[in-house]
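Trainee: Now for the letters of each chain:
Number of protein chains: 2
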Amino acid sequence: MRNLRLWLKYNGTAYHGWQIQDNADTVQGQLESAIEKIFCEKISVNGCSRTDAGVHANEFCCNFRTENPMPCATVVRALNAKLPLDIVVLKCEEVPFEFHARFDTKSKEYIYKIWNSELRNPFLLDTVFQYKYKLDETKLNKAAKDFIGTYDFGAFCASGSSVQDTVRTVFDASVSREGDMVVFRVSGDGFLYNMVRIMVGTLIYINEGKIKEDDIKNIILSLDRNKAGKTVSPEGLYLNKVNY
Amino acid sequence: MRNLRLWLKYNGTAYHGWQIQDNADTVQGQLESAIEKIFCEKISVNGCSRTDAGVHANEFCCNFRTENPMPCATVVRALNAKLPLDIVVLKCEEVPFEFHARFDTKSKEYIYKIWNSELRNPFLLDTVFQYKYKLDETKLNKAAKDFIGTYDFGAFCASGSSVQDTVRTVFDASVSREGDMVVFRVSGDGFLYNMVRIMVGTLIYINEGKIKEDDIKNIILSLDRNKAGKTVSPEGLYLNKVNY
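From first to last, the protein sequence lines stand for chains H and X. Numbers 10 to 253, taken from the numbering used here, label the letters of the first sequence in order. Numbers 10 to 253, taken from the numbering used here, label the letters of the second sequence in order.
Same shape as in the complex, but just chain H (with noise of 0.2 Å):
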C-alpha cells in the first residue's frame, strides 16, 4: 500500500470550503472525484485542515493511501488535467504509510490580505478584502506580536465551536505592507475556528481606537470572545505554508 501525499493551491472562492458535503462543491470533492476518474477506485482523503468557504491556500497538503503503481509526475499531471483550473496540485510524493496530513502537522502559516485603499482593485475581487480607511502597519505590526505566545485563545474562536482545548502556540505574528497591500501573517501550531479572522478583526478595530493597541494581552486572558474585534470576511484568507 503506498501513501500519497499532495501538495496543492486554490483559490477558494467557488468552494464550500475543503471539506466535503452533501449538496455543496468543496475542494476535497473535486479532488477526491478526480482521483476516482483517475485511479478507477474510491479514495477518502485526509486534509491538513479544513479551510471555510470562500478562503484561499497557496499551499495546502493531504495524502491518500492506494495500492495504484502510477508515478507520482503522472499523477500530478494526470490529477491537473482532471481537475478544475482553480484547484492545482503543485507536487505529489510517497511518504511513510504511518504520515497523516492532519495529525502530522508541525506548524502552519497563514496570511490575510487587505487592499488597502479606498479604491478596489478589480484583479483582486475575490481573493484580498478591501478595507478603505488607512491602516497603520507599523503600529499594528507592534500591536500583533502581542499574539504571540501559549495561550488559551478561547476568546479568538468562533462562538458556534465544539473545540474542548482552545490553547494553542502562535510562533510568530506580524503586519507588513507593500504599497496598497497591507498583509497579517501568523504561525502556529495550531488554529481554531475563525481565529485568525478574529485576529484581523481586533487589530482593525486596534486600527480605529475600539481596541487600545496594548489590550490584545487583556483579550486573551479574558477569554470573552465579545471583547475581541469581528470575525472579518474569508476571502482575504489564505493557509500559506503546512509544515511536518
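These are computed hints drawn from the structure, not numbers from a lab. Fair warning: there could be bad hints in the mix.
Pairs involving identical chains hold if they fit within one copy or between any two copies, as the list cannot separate such chains.
[Unchecked claim] Below are the DSSO-like pairs computed for lysine-lysine, each with C-alpha atoms no more than 30 Å apart in a straight line:
| # | residue 1 | residue 2 |
| --- | --- | --- |
| 1 | 91 | 239 |
| 2 | 250 | 148 |
| 3 | 221 | 46 |
| 4 | 51 | 151 |
| 5 | 151 | 115 |
| 6 | 154 | 115 |
| 7 | 141 | 250 |
| 8 | 46 | 141 |
| 9 | 143 | 250 |
| 10 | 143 | 154 |
| 11 | 143 | 91 |
Position chain X against the provided structure of chain H, taking the given hints into account.
Mentor: Positioned in the frame of chain H, the structure of chain X alone reads:
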C-alpha cells in the same frame, strides 16, 4: 462646458474590449451607461485606445464633455458605485476643452504577462498567458531591443487591419522575470492592431528556435506578416500607461 478626463483600471475578462458595440458588453458601454445614470444625460466618451476582447488596463484614459458641475471627487465615487466591480475609476480631473484622450496621446506602454510554469496559477487564470516551456528571459530581452526604433511595422499588424500608415516608433522594449512571471514591456507612440501580441508571439518563436534571435530587424524590414510569430492570446495583455 467642462471637459473631464477619467483614468480607469479594468479587468477585461468579461468584456468585448473597450469600444461600444451593439449586442456586446464593452467597457465603454458600461462607462457611458454609468455616466448616463449619474448625469442624467447621454454622453459619448473618447477612449485613448481600443483594447480587444479580454485585454486588461492598469491605466486607461478617456474624456467627455458636460455642463454638469459635479466636483471631480464626487464623479469618482458616484461612477465607482454604479460601475461593475471589474471596472474602477482611479481619478477624474478637469482638463482644457481641447483635450482629446485619443488624439493627444504622446506615448503608451503595454505589458504582456506570461506565467511561465507547467502548473497553472489558480489566482491568475484570466489575467496571464500560461506558457509551459522555460523562457530564456536574457536572450529574449536582448532580442526585444531590436523592436526599438521608427519602422514600418506592417509585419506586426493583424492582416485584417484597415490602417494605412503602419509606421510607428517604439521607444523601449524589454523582457524581465520575477519568479515564474515573465513580463514583456513595450512603449511607443502608437501600436497597430495586435502589434504587441504578435511581438510576443515572435519572441516565443525565438525561444522555440523557430525564428533566429537576431532576426527581428529582418522581419520588420520584410513587411511580411507571415515571417513574424503567432498572435498570442489576449488575456496576458495590459494597457499599462498612457502619457499626454
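Trainee: Would you mind marking each hint as holding or not holding in the structure?
Mentor: Evaluated hints:
1. In this assembly of identical chains, residue 91 and residue 239 lie within 30 Å of each other by CA distance solely across copies; the values are 28 Å between and 39 Å within a copy.
2. When the C-alpha separation of residue 250 and residue 148 is checked against a cutoff of 30 Å, the pair qualifies only within one copy, where the shortest distance is 26 Å, while the shortest distance between copies is 34 Å.
3. With identical chains, the CA atoms of residue 221 and residue 46 are never at most 30 Å apart, being 54 Å at best within one copy and 43 Å at best between copies.
4. In this assembly of identical chains, the alpha carbons of residue 51 and residue 151 never lie at most 30 Å apart, being 49 Å within a copy and 52 Å across copies at closest.
5. Taking identical chains as interchangeable, the C-alpha atoms of residue 151 and residue 115 lie at most 30 Å apart only when both belong to the same chain, with a minimum of 26 Å there against 46 Å between chains.
6. In the homo-oligomer, the alpha carbons of residue 154 and residue 115 lie at most 30 Å apart inside one protomer (21 Å), although the nearest pairing across protomers, at 50 Å, exceeds that limit.
7. Taking CA atoms no more than 30 Å apart as the test, residue 141 paired with residue 250 passes in both settings, with 28 Å inside one copy and 25 Å between copies.
8. For the homomeric pair residue 46 and residue 141, the shortest alpha-carbon distance between copies (25 Å) is at most 30 Å, but the shortest distance inside one copy (45 Å) is not.
9. With identical chains, the CA atoms of residue 143 and residue 250 are at most 30 Å apart both within one copy (28 Å) and between copies (26 Å).
10. With identical chains, the CA atoms of residue 143 and residue 154 are at most 30 Å apart within one copy only, with a shortest distance of 20 Å there and 41 Å across copies.
11. In this assembly of identical chains, the alpha carbons of residue 143 and residue 91 lie at most 30 Å apart only when taken from different copies (24 Å versus 43 Å within one copy).
When each numbered hint is compared with the structure, violations occur for hints 3 and 4.
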